[in-house]
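Take a look at the letters that make up each chain.
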Amino acid sequence: MMNSSTVVVADLRVRRGGREVVSQLSTSVRAGEITGLLGPSGCGKTTLMRCIVGVQVVHGGSVTVLGSPAGSASLRRRVGYVTQAPSVYADLTVTENLAFFASVLDADRKAVEAAIDTVRLDRAGADVVAQLSGGQRSRVSLAVALLANPDVLVLDEPTVGLDPVLRRQLWGTFAELAARGATIVVSSHVMDEAERCDRLLLMRDGALIADDEPAALMARTGTDDIESAFLSIVEAQVSP
Amino acid sequence: MNLEITVAVARRVLIQLRRDRRTLAMLLVVPCVLLTLLWWMFDRNDLLFSRLGPPLLAMFPFIVMFLVTSVTTLRERSSGTLERLLSTPMAKLDLLVGYALAFGAVALLQALLAVGLTVGLLGLDLSGPLWALAVVAVLDALLGTTLGLFVSAFAETEFQAVQFMPAIVIPQILLCGLFVPRDALPDALRVVSDVMPLSYAVDAMQLLQTMPGLTADFGVDLAVIGAFVAALVGLGAATLRRRTP
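Chains as they are written, first to last, in my numbering: chain A, 1 to 240; chain B, 1001 to 1245.
Just so you know, these hints were derived from the structure itself, not from any lab. Be a bit skeptical, because a hint or two may be false.
[Claimed, not checked] In silico lysine to aspartate or glutamate, DMTMM-like type, Cα no more than 25 Å apart, as pairs:
(1) A/Lys-110 x A/Glu-176
(2) A/Lys-110 x B/Glu-1004
(3) B/Lys-1092 x A/Asp-106
[What the hints assert, rightly or not] Covered by chain A, per the in silico footprint, the following chain B stretches (three or more residues, Cβ under 8 Å):
(4) 1014 to 1025
(5) 1075 to 1081
(6) 1084 to 1090
(7) 1232 to 1244
[Claimed, not checked] Residues from chain B that keep clear of chain A, each with C-beta distances beyond 10 Å, as calculated:
(8) Val-1029
(9) Asp-1043
(10) Asp-1046
(11) Ala-1105
(12) Leu-1108
(13) Leu-1130
(14) Ala-1155
(15) Thr-1157
(16) Pro-1166
(17) Ile-1168
(18) Met-1211
(19) Leu-1222
Predicted, not measured: the structure shown is a model, and the values here were computed from it. Using N, Cα and C, we set each Cβ at its ideal position, and we do this for glycine too.
Same shape as in the complex, but just chain B (with noise of 0.2 Å):
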C-alpha cells in the first residue's frame, strides 16, 4: 500500500462528489428531512421517537453509503478507468481504502448533521457520550461503503447494484431489532440476525440510548462491525481482478 496513493483516490473521490452537488445534497439533508418527518409522526408520542430514532441514524448511513459506493464503482469498472487503475502500480487496497476514507468523510458530516438536529432540535433523549454516536454512524457509513464495493463486483449494471439494495439491505432493516426485539425472533431468523452486521449498528445505537457510558457490549458491537469492514474490504480486494477473460 502506499499513503500518497490512497489519499488521492480519496481526495479525487471527493472532488467528484463535490462536483455533483445535487448527490452531495441528497446525501446530506435527505437523512435530516427523514429524521423531522419521524419526529412529527411520533408528535405526541416521545417515547417512540427516542426508540425509533437510533436504530433510524444507524440505518441512514449504511443505505446510503451503499448505494452511492455500489454505483460509484459499478461506474468505475464500466467506464474503464478501473482497468487502467489496476495496470498502474497502484495497490488494490489503495483504492478500497481511498474510497473508504473519502466516503468515512461524507459519512461523518451527514452523521453530525442528523445527530445535532434529532440530539440539539428534537429533543432525542441519549443516555452515552454524544461522539460514541458519531463513532457508530461513521463506522456505519463504512459498512454501507465496504458492502457496496463488494456487491457491486456481482452487479454488470447501475439497474442490478440499485437491486442490490432490497436484496441485501432490507432483509436486515427487518431483521436488525427495529420491528421485533432480536431477543423476540424465531430460533432461525434469529441466527440469520446474528451474522448480519446491521444488527450490530442498531445494537451499538440502542446501547447508547438507554446505558449512560460506554458498556462493555458497546465495546463488542464495535468490534464486530469493524470485523465485518475489514472482511468486506478483503473480499472487495479478491473481486478486483488485474487480468480479466
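In isolation and in its complexed conformation, chain A is listed as follows (with noise of 0.2 Å):
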C-alpha cells in the first residue's frame, strides 16, 4: 500500500464563471502520506480538492482514485471530504449529527463512539452544534468524515480556528491515519503547517508551481521555512 499512487490528476481543467481556475494540471498523491495542499486564497486549492472528492463538474482532463473515476459510486464511502465551513446539522446535538451520518455512511455505533474520540468531543456530545464554538463545529464536521474509515481523506483547512494545542493534536491523528495506509491530502494557508506535511502541492493561480517533500523545497531554494521557499519560488515564475 505505502508510495502507490492513489489519487493521480491528469491534465485536469476547470473553468468557473468564464475563468480558468484550474489549468492543465497533473499530479499525483500517494497513501500513507500527509499531502500538503499550499497556496493564496482563490488559487484554485478548494476546486481541486473538490475535483479529487467527484463534487465538482470538471472541464478537461481526468482525476482518478483508488483506481476509479473520481465521484464514482464505489468511491462514495471511500473518500471522505471536510469542507472548509463546517457541513453539518447545526440544530442537531453532535451525537445525532454523527448517528445520522452514520446510518448514511453504513457505520455503527463504535465508529460514532471512535469518531467524538478522535476530535476530542466526548464532553460535548450532548450538546446542539448551534452552541458549540467555531473550532469545536469544524471538529464535528471531521468527525463525520471519519465515520466510514475512508481510505482517502481530504480536508479543507481542518484547523482554521483551532487553538495550537488541538491543532497539534489532529496533526498528530492525520498522521496516525497516515501510517494505517490512508491517503490524506491537506489544505492549509498557514505555512507553518506544511512542516508536517509528507509532500507539499504548492499552487497559484490554478496551476502547480512546486511538487516536493518540504525538505527538498527548501533545499533547491535555499531557504530554511516553506513560506520563503513558496516566495522564492513565486519570484523566480514572475521574472524568468
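Assembling the complex is the task here: the two chains are given apart, and the hints tell you how they should meet.
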C-alpha cells in the first residue's frame, strides 16, 4: 500500500464564471502520506479538492481515485471530505449528527464513539452544534468524515480557528491515519503547518508551481522555512 | 434506494423540528386558530362555513408544508450538508422520500387536529367518511412538501424561497374553486385551473362534504394528486446534482 499512487490527476482543467481556475494540472498523491496543498486563497485549492472528491464539474482531463474515476459510486464510502465551512446540522447535537451520518454511511455505533473520541469532543456529545464554538463545529464536521474509516481523506483547511494544542493533536491524528495506509490531502494557508506534511503541492493561479518534499523544497530554494521557499519559487516564476 | 437511510433522514428531520418548538407549535396551532376564526366570522351562517371549511382544510397543509419544506431544503443546500450527503452512498430518492415521510407525519397530526376541531367542536357537516378527510389532508401536505422541495432548487436565499409562495401558491388558491366555482371560470383560466394540483385537493374535500360515501370522482382526484406528488419527487431528484459547477 505504501508509496502507491491513490489519486492521479491528469491535465485537469476547471472553468468557473468564465475564468479558468485550474489549468492543465497534473499530479499524483500517494497512500500513507500527508500531502499538503498550499497557496494563497483563490488559487484553486478548494476546486482541486472538490475534483478529487468528485463533486466538481470539470472541463478537461481526468481525476482517478483508487483506480476509479473520481466521484464513482464505488468511492462514495471510501473518500471522506471535510469542507471549509462545517457541513453539519446546527440544530442537532454532536451525537445526533454523527448517528445520522453513520446510518447514511452504514457505520456502526462504535464508529460514532471512535470518531467523537478522535476529535476530542466526548464531553460535548449532548450539546447542540449551534451552541458550540467555531473550532468545535469544524471538529464535528471532521468527525463525520472519519466515520466510514475512509481510504482517502480530503480536508479543506481543517485546523482554521483551532488552538495550537488541538492543532497539534489533529495533525497527530492525520499522521496516525496516514501511517495506517490512508491517503490524506490537507489544504492550508498556514505555512508553518506545511512542515508536518510528507509532501507539498504549491499552487498559484490554478497551476502547480512546486511538487516536492518540504525539505527538498527548502534545499532547492536555499531557504530555511516553507514560506520563504514559496516566495522564492513565486519570484522565480514572475521574473524568469 | 435504501430503507434504512430513508428512515434515518425522516427521523433526523423530525428531531430538528422537535427542537424548533416554536415552528412546531405554529404548524399545529395556527390552522386550528384560523379555522376557528372562520367559524366565528360566519357566526350566523352555517352554510357559508360548511362551504368554505373543507377547501381551507385542503389548503392549510399544502401552504404550510410548502413553506416549511422550501426553507428547510434551502438550508440544507446552503449549509453544505446537501453536498456532503450527495458525496455519500445515499440515493437522491432516500433524501426526498425521507423528507416526505417526516413532513407527511407532521401533516397527519395537523390534519387530525384540524379535522377534529372543525367536525367535532365547530359542527362542520360532512357526508363522506372522516378518515377520507385526513387522507386528503395528508396527500395535500405531501403535495406541498414535494412542490417546496422542487421549488427550493430555484431559490438562492430564504427570502427568494418565501417569495415563491405568492408566485406559486396564491394563483392556485385563486383558481381552485373557492372564490368562483371552477365551471364558471373563463375558459382559459379553467384550463389553467385544470393543471393546478390544489384544484383537485379542494375538489376532493368538496366531494367528501356533499356526497355520502366515496365516489369515483373522489378516487380520480386522489389519483391526480398522487401523480403530481410522484412527478414532483422525480423533478426534485433531477434538481439534486452530485457535481456542481
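So, going through the hints one by one against the coordinates:
no., hint, verdict
1, A/Lys-110 x A/Glu-176, "19 Å, holds"
2, A/Lys-110 x B/Glu-1004, "18 Å, holds"
3, B/Lys-1092 x A/Asp-106, "16 Å, holds"
4, 1014 to 1025, "holds (count 4)"
5, 1075 to 1081, "holds (count 3)"
6, 1084 to 1090, "holds (count 7)"
7, 1232 to 1244, "holds (count 3)"
8, Val-1029, "21 Å, holds"
9, Asp-1043, "42 Å, holds"
10, Asp-1046, "44 Å, holds"
11, Ala-1105, "17 Å, holds"
12, Leu-1108, "23 Å, holds"
13, Leu-1130, "35 Å, holds"
14, Ala-1155, "19 Å, holds"
15, Thr-1157, "16 Å, holds"
16, Pro-1166, "27 Å, holds"
17, Ile-1168, "27 Å, holds"
18, Met-1211, "44 Å, holds"
19, Leu-1222, "32 Å, holds"
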